Amino acid sequence: MTELLTVEGLETQFRTREGTVHAVNGVSFSLREGETLGIVGESGCGKSVTVMSILRLIPSPPGKVVAGKAIYQGKDLLKMSDEEIRHIRGAQISMVFQDPMTSFNPVLTIGRQVAEPLEIHMGMSRKQALERAAEMLAMVGIPNAKERLNDYPHQFSGGMRQRVMIAMALICTPQILIADEPTTALDVTIQAQIIDLVKRLRDELGMAIIWITHDLGIIAGLADRVAVMYGGYIIEMAQVDELYAHPTHPYTIGLLGSLPRMDETGHRRLISIDGLPPVLLEKPNYCPFAPRCKYAVERCWHENPPLMSVAPEHQVACWVDTQTGRER
Amino acid sequence: MAEPEVLVRVENLVKHFPITRGIIIQRQVGAVHAVDGLTFDVYRGETLGLVGESGCGKSTTGRTILQLYRPTSGSVHFEGVDLVKLKGEDLRRMRRRMQMIFQDPYASLNPRMTVGEIIGEPLIIHNVARGREVQERVEHLLELVGLNPAYANRYPHEFSGGQRQRIGVARALALQPSFIVCDEPISALDVSIQAQVVNLLEDLQQEFGLTYLFIAHDLSMVRHISNRVAVMYLGVMVELASRDELYNHPLHPYTQALLSAVPIPDPAVEKKRKRIILQGDVPSPVNPPSGCRFRTRCPLAAEICKEVKPEWREVSPGHFVACHMV
Chain A
923 MTELLTVEGL
933 ETQFRTREGT
943 VHAVNGVSFS
953 LREGETLGIV
963 GESGCGKSVT
973 VMSILRLIPS
983 PPGKVVAGKA
993 IYQGKDLLKM
1003 SDEEIRHIRG
1013 AQISMVFQDP
1023 MTSFNPVLTI
1033 GRQVAEPLEI
1043 HMGMSRKQAL
1053 ERAAEMLAMV
1063 GIPNAKERLN
1073 DYPHQFSGGM
1083 RQRVMIAMAL
1093 ICTPQILIAD
1103 EPTTALDVTI
1113 QAQIIDLVKR
1123 LRDELGMAII
1133 WITHDLGIIA
1143 GLADRVAVMY
1153 GGYIIEMAQV
1163 DELYAHPTHP
1173 YTIGLLGSLP
1183 RMDETGHRRL
1193 ISIDGLPPVL
1203 LEKPNYCPFA
1213 PRCKYAVERC
1223 WHENPPLMSV
1233 APEHQVACWV
1243 DTQTGRER
Chain B
9 MAEPEVLVRV
19 ENLVKHFPIT
29 RGIIIQRQVG
39 AVHAVDGLTF
49 DVYRGETLGL
59 VGESGCGKST
69 TGRTILQLYR
79 PTSGSVHFEG
89 VDLVKLKGED
99 LRRMRRRMQM
109 IFQDPYASLN
119 PRMTVGEIIG
129 EPLIIHNVAR
139 GREVQERVEH
149 LLELVGLNPA
159 YANRYPHEFS
169 GGQRQRIGVA
179 RALALQPSFI
189 VCDEPISALD
199 VSIQAQVVNL
209 LEDLQQEFGL
219 TYLFIAHDLS
229 MVRHISNRVA
239 VMYLGVMVEL
249 ASRDELYNHP
259 LHPYTQALLS
269 AVPIPDPAVE
279 KKRKRIILQG
289 DVPSPVNPPS
299 GCRFRTRCPL
309 AAEICKEVKP
319 EWREVSPGHF
329 VACHMV
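Chains as they are written, first to last, in the numbering used here: chain A, 923 to 1250; chain B, 9 to 334.
Hints may be right or wrong, so weigh each one.
Capping the alpha-carbon separation at 27 Å, the derived lysine-lysine pairs in DSSO-like fashion look like this [as the list claims (entries may be wrong)]:
hint, chain 1, residue 1, chain 2, residue 2
1, B, LYS282, A, LYS1121
2, A, LYS1121, B, LYS279
3, B, LYS93, A, LYS1121
To be clear, the hints were calculated from the coordinates, so they are not data collected in a lab. Only a predicted model underlies this, so the values are computations on that prediction, with no experimental measurement involved.
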C-alpha cells in the first residue's frame, strides 16, 4: 500500500509561565491509502497536538513545531507557506473536532458554513455550493436537508451538529480525514450512529482516517492500525488485532487491564496503573513511563527506549520484554 | 441467601422543575419532567447502578433521594423513615447517614479551603468531633483513601483529578454514612485513574458495609461495580434487574439498543457484533411523548404505546420492566 502521509520526528513545544511544555517529543508514523489509523492515549499525551501540528493549527505563540517533517504528496506540510497549506486544509486533508457545540460560527447559517469550502477550494458559485451542501447533509443523515440549510448551529442537537461537521469536512472529498475525539461529547446511542456513519462514508469515498480517542473500545471496532501515545511519545504501534491480542508495552497492558468489559462475566479486580501521568516540563532522558512501571529496570532510568520491532508491523518502545520480564 | 434488607425505598418519586416567564411577576409556563414516577428499592450493602444517557434524570434522582432537591411528589423511606416529611434539624440528623460523591472533582471542592478543612467540616457541622480530634479523624480519613495525611494543609488546586476525587470520597466518609450516592464519580478522570478510584470504592464498601447508588453512563463500568442495574430513559425507569440478568437478557428495547451501542475493547468481538442503531434524538423532557416515552425511537412501537403508559411490572423475580411488547 502506498503511503499517503509520512510524519518523521515531529516535536512540538509550548512556552508557558511554568516553563517549556514538551507536548510532542519526536513522533514518527505513516498513514497508508484508505486505512484507518487510531491514535490512543490519555489526556495530555500529545495526541491532539500531533495532528494539529501536522495541519499547522497550533497557535504560535505559545506553541511551536521545533522539529520534524510531515510529507504529503512529496511536500513537507510543515515548510509550506500559509497560502499553500490553506489549499490543502479542508480540501485534501480535513478535520472533525471534539466539541460540536463550539466548533461552528454561531452567527452563520449551517448552509453557509458547509458550503464555504466549495466556494474557496473549488471556485463554485454560492448557489451551486449550497446545492451540493444540501446533498452532503442528506448523505450524513440530516432530515429535510434542503430546508435546514438556513438554520443556525444552535437549532441542531449535539449528534446532528456532529453530522453537520462531518458533512463540512467531507464536502471536498478529501484524501485524509482527521477526527479528534469526535464522539467523546456524545451519548453512546448517538456515538453508535456517528461511527456507523463514518464507516459507511469511508467505504463509499475511500478516504484514509486518523481517529484520535482515549476510548480503546471504539478503536477496536474501527481502526486498521493503532498507535498508543504516552508523555508525547508513541510507545507502541501495531495492527489492531495484534495490539489487543498481544499488548507488549507495560502501559498498553495496564490500559487494557484497567478497562472493565461489558462482556465480562464474574468479577475481577481492575488493574490500576499507580501514580500520575508525567508533567511535560522537561524532555526526559529516561523512559517517560518508568516512574509508574512495575517492570522498570536500571536501564529505563537513564536511556529512553526508541521504537523497536518485536513482530511484523508491531513496534514497541520498551527495554523490557514484558512476556519474559527480561531486558531486550 | 437471606432476604435482602431494604435500606432505601423509593415510591412514585416525581421531580418537576418549573419553567417561568416574566421578570417581576413570574408565572409558570411549563415544567421540565426530570423524574416522573420512580419506584424501586436499594438493599443494604449492595451497589445499585443507575444508567442512562445525559438528560435522562439519573442525577436528579440521586439528588432528590438525598433531599438536595425536594420532590414534587412521592416518598423516599430511608431505614423506614420518610425523608420527604422531614425538615430542619430532623433532616439534618438523617443527612449524616447518607452522603454524596460528585462528578466534577474540580468544582466540588472549595478552592479557598484546605483539604483538612474540607474533610473536617462535616465533623464540625454535625458536632461529632472538635479540635484535636477533628485533625486526627481527617488524617485517618486521608490515609483510608490512599493519600498522605500530611496533605491536610494543602489546597485542592495542588492535586490531580484522581487525588481530588479521593478527597471527595474522604469527605463523604467523614460522618460514617451507610448510604452514598456516587454521581458519575469517575467520568471526569482518565482511564488509568478511573480504575484506581473504582478499586478504592470497592475496598471501602467491603470494609464499612456501605451501600452505593452508582450513577453513571459508562455501561461497562456499571457492570463491573454493580449488583443490580436500573436503566432510565427520559425521566422514567424502563428496566431494573440483577446485573447478569440485565446484561445477558435485556428485555426493554431501549436497554437492548443501549447495550449494543457500547464498544468492547476487543477487535475480534467487535467484528462479529451487530448493533441496534436507534434513530433520532432523545425528545425534550419539557414535552415528553404520550404513553411510552421511548416510542418515538423504538423499533417495536405500536399503537398502544402511544395511548397507554406502560406499567412498571415484575416479569420474573427481581426483573422489572416497563414495556407493552415484553
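Flag every earlier hint the structure violates by its number, smallest first.
As far as the earlier hints go, only 3 is violated by this structure.
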